[in-house]
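Dock chain B against the given chain A, drawing on the hints supplied.
For reference, the chains in residue letters:
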Amino acid sequence: MNFLPLSFGAPMVLWGLLALPVIWWLLRLTPPRPQQETFPPLAILARIVKKEETPHQSPWWLTLLRLALAALVILALAAPVFNPREKIAVGGEALAIVMDNGWSSAPDWERRVATATRLINDAKESSVPVIVALTAEKPAQDIGPFDADTAIERLNAAEPRPVPTDRPATYARVADALADMPGATLAVLADGLAGPDDEAAFETLFSAELSDVLWVAPDRLPVVALSDSANEPERFVVTAVRREDEMGPRQVIAHASDERGRRIAETTITFGPGEARARGEMRVPFELRNDFASIGITGEDHAGALRMLDENARRRRVGLLSQHEADQAQPLLSPLYYIQRALGPYADLIRPSDPELTEAIPQLLEQKPAAIVMADVGTLPDSAREALVEWMRAGGTLIRFAGPRLAAADHDEELLPVRLREGERSLGGALSWSEPQSVDDFPAGGPFSDLTPPRDVTVSRQVLAEPSADIVERTWANLADGTPLVTGAARGDGRVILFHVTPEATWSSLPISGSFVEMLRRIVQLSRNQGSLAADQEEQSGRLPPYRMISATGTLVPPGPEAEPLQLAGDAPVTLANPPGLYGSEEGVVAHNLLAPDAQLTALSRPTAPVTMSEARYAFDQSQPLKGPLMAAALALLALDTLAVLWLGGLLQRRPTRRAASTASVLLATALAFSLLVPDNALAQDNPQPGDMEAIEAIAATRIAYVRTGISSVDAISRAGVQGLSRFLAEKTALEPGAPAALDIATDELSFYPLIYWPIDPNAEMPSEEAIARIDAYMQQGGTVLFDTRDQYSSGFGSSGSVSPETQRLRDILSGLNVPPLEPVPDDHVLTKAFYILSEFPGRYRGSDLWVEASAEAESRADRPVRTGDGVSPIMITANDLAGAWAVGSNGEPLLPTVPSDPMQRTYALRAGVNIMMYMLTGNYKSDQVHVPVLLERLGQ
Amino acid sequence: MARIGEVTTQVETRDALARARTRAALVPDLLVEARRVVNNVIAGWHGRRRRGIGENFWQFRPYVDGEAVARIDWRRSAREEDHIYVRDREWEAAHTVWLWADRSPSMLFRSSQADVSKESRALVLILALAELLSRSGERIAWPGLSDPFAARNGAERLAQQIAHAEPTTARPDLTVVRRFSDMVVAGDFLDSPEETMRWLDPLARVGARAHLIEVADPAEETFPYSGRTEFHDPETGERLTAGRAETLGEDYRRLYLARRETLSRWCKKLGWSYTVNHTDRLASEALIGVHTAMTSEMDVGR
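Residue numbers (our numbering), protein chains in the order written: chain A, 4 to 944; chain B, 3 to 304.
So here's chain A without its partners, still in its complex pose (with noise of 0.2 angstroms):
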């Protein structure tokens, strides 16, 4: 079966089709099998019938379909495979696959490792040794020679690389192996990116005794990688580049994420014709770029798609410094507070600890900022000076303000852009002509041209320029009358910069404008960070562990067995030992990127082999088991073969009278069906839960409570009393509570009343430990519980050294809760004036104190057991039995005299339950209103 591209995997089953003449002769003499009726009137059709009806043969065309039938499942059974693929002689003694598994061959790897897997089983067949060698592995690699299978089996174990492929190191082992078996195939799988020194490596390769080479290498490499990033002022600007010979517009899209992996931007990045690099921008917000964690094109599964960035292309860091000393109290006044408010969501602030500036200056630079803004500093110490211009030569920024100080300091040539007169200028003050100066047009060349000049910023004060050939260049801003506002000049790879004028609002209203905040971001945007931090912290080794590697599909991996510490000393290649990712800690990353920015994708040019060098292509081994095509196709004959005895059967002529039945039950068992499968989710519903009815009934409406004590003429008057309490708060406030809620203290839930009033009396049961665990926790939680002992009456006739069974059982019940240290209400409490204005807090009785929490004036707050709800006592006590005073019938008359019997008090009565009541809900709000005479008096000055 070689003259088709067919196999066989059962050749003999093949010896089926001899049987077809069989199946003919069969299918030609078996007529299909009438339908059988039973047919009383056969008298009379005999009549007309006559003798035509012999047994026939069946219609030739149906003899036809059978047989194609019976050949497709005997071919079927035979399991045929379509193997299409070219045919790549392997004449050698030996073969050596030599193949790229660089970065760049990650995309198509199944592709590659099919074509070597074809010429290995090629290789099979004459069973040669096999040489599997890998351009991106470590040049220790074991190359063989393999058998056909160990060979295969390595070559499924290999994977892409996410580095750029070694061909001198792994050619050069080859070539060793080869030079003992004389006559190998060689086969190069390239992947279509020129190497370093490919020239050499190939002359190296070819020098072996070789019968034949085979070049297997891409046409056309399609992907796109990212050779460089840069955050710029204004906009985030990526560089992709792809293989040079590569003609056709293209157009892709790179995406930019932060730390999460979250895309935050994209930008389309478009190839014209013929280009193989091109750039796409990111116009998003500075803050928005400096989350940037890495940079990868969308659609493109290969290492040199992913770019990390790192702390070098994120935020600056910008060191502080000032002379002046730090005023806490008035920061306004502080030379940096500006400086600070502008630069804060921009930059990290590094403040050095030691204000001295031989400690301060270097404490910075070891931060390596990006930029230092100096606020008035006059002269540095020596030391500090060289360190600073040495870090200014490396490429810092510096930044400074005038002042006083500077004003009055020595020229310094190094540290300022332009030579400043001693002294400072004044303008628009008493003995001056001039008007304070408003700020011109930025100059077009400068870095701030396309800002907005400030029109309502005003100088007054400033210091001068001298007059020099480049001081034009050097302005950065000027005033009106064309004297400096800032100037800045190139210091080697930094720049120094200095506004004429103050950081804070004293010399001119330029700190306090926008164009403040817009001038230092511009600058700080133009400084670079002098160093990454975790650098410093391995400085001593100059390694960076690996912290997260980029694989080869481009996603971010932890770091493998292989990968080593970074070198940050020179620029590390990226190797196998050193991948591309993100190398440091958490608290500091330097990313080592696949490709350098001035990277060139050049296409690898075909070599000259000494001996005959034949092409191939990557292609899958596209070989297709027939079986189940074929399997099929019978079975497409089989119906069709079906429907043609149905036709010759007569039945689509044939009214089905049961049809519709049928059909009714096929739906209805579908239905069926259906019905059984889907969820029975009607019991899915919510059902409430118990209680939620007395909780939303509890809720409704704000209602006061008090404690069922079990003995019903207690509560009974508490009730009338929270019931003539709710009357008179509805009356005069407005508050209008719900209806009284009694409470089992065991039981109910409490925490949805703001005031629970609790009679004591000696005869009702003692609370249990649990309900007086809860009160407890309700105190805590911000509740309040006023007890009322009622025992002023009883206790007030001389027996002051007794006391009352109330008191005792209040006694007890307090003993188990955490009550705070309490005191009679002050005169100047809130409870005193939360409504109306009293004294004193009668009930039935007068005389009683009504106990609350001491304030925190008597007490510091920290060792408090209880901890106050918003400043509301958690607990009052009183005895002058308020409930009895406030207690009411149905029509509004009071239940009980009040002692003595005054109809005053009983309204004091009332009036001091509006005020416990208002206290309750409003807490210490209305202790503001103590100094309200105060604020009166402040608002009139």
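Among the hints, a few may not be true.
Distance windows between CB atoms, simulated [claimed, not checked]:
(1) Trp27/A - Ala20/B: 42 to 48 angstroms
(2) Gly631/A - Thr249/B: 40 to 46 angstroms
(3) Arg267/B - Ala71/A: 54 to 60 angstroms
(4) Glu168/B - Gly19/A: 24 to 30 angstroms
(5) Glu168/B - Ala71/A: 27 to 33 angstroms
(6) Arg283/B - Gly631/A: 25 to 31 angstroms
(7) Arg241/B - Gly19/A: 35 to 41 angstroms
(8) Ala20/B - Leu67/A: 57 to 63 angstroms
(9) Gly19/A - Gly251/B: 43 to 49 angstroms
Short, incomplete list of chain B residues facing chain A, as computed with Cβ under 10 angstroms [stated by the list, open to error]:
(10) Arg73
(11) Trp76
(12) Pro107
(13) Asp193
Beyond 12 angstroms from chain B on every Cβ pair, some chain A residues (computed) [stated by the list, open to error]:
(14) Arg36
(15) Arg50
(16) Leu70
(17) Asp152
(18) Phe274
(19) Gly381
(20) Ala580
(21) Leu942
Hints are computed from structural coordinates only; laboratory data are not their basis.
Every residue, glycine too, gets a C-beta built ideally from N, C-alpha and C.
Showing chain B alone in chain A's frame:
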């Protein structure tokens, strides 16, 4: 592929009887017109709506000279001054109706379009007639099974006798049927008309009146078969294969209807009735048809 026709089992006679009762209840009492009266009719208890020999009062009529004086109703006559009345009684007479249903295997056929088999329908019809006739006091009989008898529960008795009799293809012996009797024959009459005429000829000879009910299955009449079909006759066991049955339909229907037409015309000539009942229609339709035929004042053709 579902078959159109099937051979059913013998119908349960009791079941047929119950259904017959239901049918019979729908038909008014069968009043067999006794036109051909002989003097020695056996008295039945069914009024003939005319004067004659009987027990029930029919009418008073004026005395006509020459009548027996004993027939004068003096009580009635005493109320009048100038007339003398005679009391007439209603004539009550019984009539013999022979009933027979074909129970041959071909009657067991039932197609998918029909509700019951032909045998079932024929028995129901016969039993319904038996019920009606018994109720009217007529004498009924099954040739070969029973002599004519009159009983209120005539249908039951007949059903019992049918249940005990072996189903047979044999034609009944029609020589027992006498003149002035009626005979109801329910069958499919699928034999050739000549054959049918031959075995019914004795009836015509003795001058009995016959009512033929052709019980036909709709499939037999419409011939809904198509495609390759093998037909077989349940009676003879003959087989016949039609390559494409649908092509035969037209010819077949023509022959089938011609047979019916022949029989029908022959019956008409003899003064008999010929009713066709399809098994997909109600039995009552045929019942009413036969009922009408039996009660009609049909002129005797000879």
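Right, here's what the structure says about each hint:
no., hint, result
1, Trp27/A - Ala20/B: 42 to 48 angstroms, "violated (60 angstroms)"
2, Gly631/A - Thr249/B: 40 to 46 angstroms, "holds (43 angstroms)"
3, Arg267/B - Ala71/A: 54 to 60 angstroms, "holds (58 angstroms)"
4, Glu168/B - Gly19/A: 24 to 30 angstroms, "violated (59 angstroms)"
5, Glu168/B - Ala71/A: 27 to 33 angstroms, "violated (57 angstroms)"
6, Arg283/B - Gly631/A: 25 to 31 angstroms, "violated (57 angstroms)"
7, Arg241/B - Gly19/A: 35 to 41 angstroms, "holds (37 angstroms)"
8, Ala20/B - Leu67/A: 57 to 63 angstroms, "holds (59 angstroms)"
9, Gly19/A - Gly251/B: 43 to 49 angstroms, "holds (44 angstroms)"
10, Arg73, "violated (60 angstroms)"
11, Trp76, "violated (68 angstroms)"
12, Pro107, "holds (8 angstroms)"
13, Asp193, "holds (7 angstroms)"
14, Arg36, "violated (8 angstroms)"
15, Arg50, "violated (6 angstroms)"
16, Leu70, "holds (21 angstroms)"
17, Asp152, "holds (58 angstroms)"
18, Phe274, "holds (69 angstroms)"
19, Gly381, "holds (114 angstroms)"
20, Ala580, "holds (78 angstroms)"
21, Leu942, "holds (104 angstroms)"
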